[in-house]
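*Asks:* As given, the protein sequences belong to chains Z and A, one line each in that order.
Its first residue numbered 1, the first sequence is counted upward by one per residue in our numbering.
Its first residue numbered 1, the second sequence is counted upward by one per residue in our numbering.
None of these hints come from the bench; they were simulated from the model.
It cannot be assumed that every hint is accurate.
Said to hold, decoys possible - Using 20 angstroms as the maximum straight-line C-alpha spacing, the simulated EDC-like pairs for lysine to aspartate or glutamate come out as follows:
no. : chain 1 : residue 1 : chain 2 : residue 2
1   : Z       : K130      : A       : E60
2   : A       : K209      : Z       : E286
3   : Z       : K74       : A       : D270
4   : Z       : K130      : A       : D196
5   : Z       : K101      : A       : E201
6   : Z       : K153      : A       : D196
7   : A       : K209      : Z       : E5
8   : A       : K209      : Z       : D73
Small disclaimer: the values here were computed from a predicted structure and weren't measured.
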Amino acid sequence: MAALELRQVGKWYGGFEAVKSVDLAIADREFMVFVGPSGCGKTTLLRMIAGLEDITSGDFLIDGARANAVPPDKRGLAMVFQSYALYPHMTVAQNMGFALKMAGRPRAEIEAKVREAARILRLEAELGRKPRMLSGGQRQRVAIGRAIVRNPKGFLFDEPLSNLDAALRVQMRTELVKLHRSLDATMIYVTHDQIEAMTMADRIVVLNQGEVAQVGTPLDLYHRPANLFVAGFIGSPKMNFFPARVAGVANGSLSLALDGGATVALAAQGAPPAAGAALTLGVRPEHFVLAAEGPLAGSVDVVEHLGAETILYVKESRGAIIVVRTDDLAHVRPGEAVHLVPRLDRVSLFDAEGRAIADSSAT
Amino acid sequence: MSSTALAGRVVAAESLARARRRSSWLLLFPAVILLGAWAFVPLVMTLRYSFERYNLLYPERRGFAGLLNYNLLLTDPAFWTAIFNTLVLTLGVLAITIILGTLFALLLNQNFPGRGIARLMVIAPFFVLPPVAALIFKNLLFDPLNGLVGWLFKLVGLHPIAWFTTAPMIALVMIVAWEWTPFATLILLTALQSLDTDQLEAARMDGAKPLSRIIYIVLPHLARPATITIMMESIFLLSIFAEILTTTAGGPGTATTTLTYLIYIRALLDFNIGGASAAGVLAIVLANIVALFLMRAVARNIET
Ligand SMILES: Nc1ncnc2c1ncn2[C@@H]1O[C@H](COP(=O)(O)OP(=O)(O)OP(=O)(O)O)[C@@H](O)[C@H]1O
Ligand SMILES: [Mg+2]
Chain Z
1 MAALELRQVG KWYGGFEAVK SVDLAIADRE FMVFVGPSGC GKTTLLRMIA GLEDITSGDF
61 LIDGARANAV PPDKRGLAMV FQSYALYPHM TVAQNMGFAL KMAGRPRAEI EAKVREAARI
121 LRLEAELGRK PRMLSGGQRQ RVAIGRAIVR NPKGFLFDEP LSNLDAALRV QMRTELVKLH
181 RSLDATMIYV THDQIEAMTM ADRIVVLNQG EVAQVGTPLD LYHRPANLFV AGFIGSPKMN
241 FFPARVAGVA NGSLSLALDG GATVALAAQG APPAAGAALT LGVRPEHFVL AAEGPLAGSV
301 DVVEHLGAET ILYVKESRGA IIVVRTDDLA HVRPGEAVHL VPRLDRVSLF DAEGRAIADS
361 SAT
Chain A
1 MSSTALAGRV VAAESLARAR RRSSWLLLFP AVILLGAWAF VPLVMTLRYS FERYNLLYPE
61 RRGFAGLLNY NLLLTDPAFW TAIFNTLVLT LGVLAITIIL GTLFALLLNQ NFPGRGIARL
121 MVIAPFFVLP PVAALIFKNL LFDPLNGLVG WLFKLVGLHP IAWFTTAPMI ALVMIVAWEW
181 TPFATLILLT ALQSLDTDQL EAARMDGAKP LSRIIYIVLP HLARPATITI MMESIFLLSI
241 FAEILTTTAG GPGTATTTLT YLIYIRALLD FNIGGASAAG VLAIVLANIV ALFLMRAVAR
301 NIET
């Protein structure tokens, strides 16, 4: 049981503002993921929640009570470090039981809880070993086990899978999701891997330069990015952006002149932008249709056959690259000229400041 | 590729490796010879003299003496006292330097204003030459009339004592410990700085208070560098000499005569080269026994 709330939380390192006035409410038992590029303040935010870093300004609340000054071990939150931070001279069992030992629990209880955690994490055979003798995945599980035995209200993970190889990462990902379901605890998970974010999260917080760019469910962020940053950050391959200008607004239809010269017409919703305003049109790679005629033309530069889908890199006449994802087992070859039609019901529009223009994308 | 060609390549690779081994020997040769001469010639000469009757006062009475030198030495109570003194001095200094070194390292690893200066001050004694250090202690600190320690004693109403006559070994241990604490501090401080801060933070999240963090995380981390420090220090402590010469000259009586100092007395005061050589050989044996124990401790420590 832990609902966490941040109210205008900020962090200054000397004269550098690493986290800028973050407002965020994390519901009880939610799986919340923080993503963002390197240096955007994910770790700093997590460490402030853990209590390892002082909060410079604002309030942090656990279950409604202000917790800015509560020491880390009294917050009921357990943290799993990116480096695992196992105690190298202790066995797996001692590592996992350390918190209980520090809390002065009786030995029998410690042993029972460690055994239970080891059972959940399939570490029973390793209990007597030192961390050094474990594989990366096992170390990772010990680090999680160390958090589990404390029976915390919430778990904090800082890029816990980044040191594992790809296969193990996929496996641990599903295990963590299962663990979240069985433990009934709030989890905050930091990563810069958006696949992890998309697959695990109930909700995602996208951070950019210490600020929250958007909070929402994975599909929310994907289909309704609030700004250019989120639109470009979420999704791989990236969304294609086309600078454009409003050519005309006429009875519910918005006509855009793309910088390349082509014109597209969209169904305008809400307050339409003024004629002549500069905009950015965003189209996801899968929202193109290959056609004989179309507003966008170019020659195929590279073709990547991934089996289930094919990624095309189309070079526009002026040199810009458009990435297209198609399931059409494309007979397209490099060098060929193609025409692209964006699915206008699925595109996004952003104003000159990079904010999404309300509901230009389809629902 | 055909199998013969492959075999040919393997053979070529082997002969290449052999050639490389040979040329590496050739390059090592001068250094090995030099080192061998350095270490072996004195060792062999010491061994030879230890079996000879050889006193500079009676140069004409020279010749093979069998085990006579060893016999005399092993039945000489001064020899056993010297071994005992050597062990007391070595172990005493080791204990003090490791404990103080750990404390200083822990302190100097904290953040406080003037830390750079404090570090420099703690490390400084290491650069004071042994005879100078001994003289500072003898004349400025331990002197019963003019010394600082005597003055402090008087300040609290105690009678100042003549350290080098009443408690010579304690005084000597203090001097040498003062000289070697910086060394231990330096190594342990470096080791502390290599401690992963994540571990300390994990311990903090686990509810470990500062003292518990030191006991359960920091000290185990320091175990290995501490063993290395002990080993390196012992090498030097077994041959402490200048401090004894400048303060007590091995006395009063044989109270501060260590094995090294005994060799000096035999060789340069009694002119008994044979006896001194025998003591030297036994000192080598003692050093090896100590080294053996230390190596085992270190090996066990590095293993776990
Ligand atoms: N102790 C510190 N002192 C000064 N600046 C710091 C400190 N810790 C972090 N910063 C700065 O704060 C910013 C955010 O750092 P943070 O570690 O939170 O990034 P991050 O999002 O976790 O990045 P990554 O994905 O690389 O781990 C960075 O610009 C970093 O340089
Ligand atoms: Mg980080």
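*Asks:* None of the hints should be skipped; say for each whether it holds.
*Replies:* To see whether the hints hold, each was checked on the structure:
no., hint, result
1, Z/K130 <-> A/E60, "violated, 67 angstroms"
2, A/K209 <-> Z/E286, "violated, 55 angstroms"
3, Z/K74 <-> A/D270, "violated, 72 angstroms"
4, Z/K130 <-> A/D196, "holds, 17 angstroms"
5, Z/K101 <-> A/E201, "holds, 16 angstroms"
6, Z/K153 <-> A/D196, "violated, 26 angstroms"
7, A/K209 <-> Z/E5, "violated, 27 angstroms"
8, A/K209 <-> Z/D73, "holds, 10 angstroms"
Comparing the model with each earlier hint shows violations of hints 1, 2, 3, 6 and 7; every other hint is respected.
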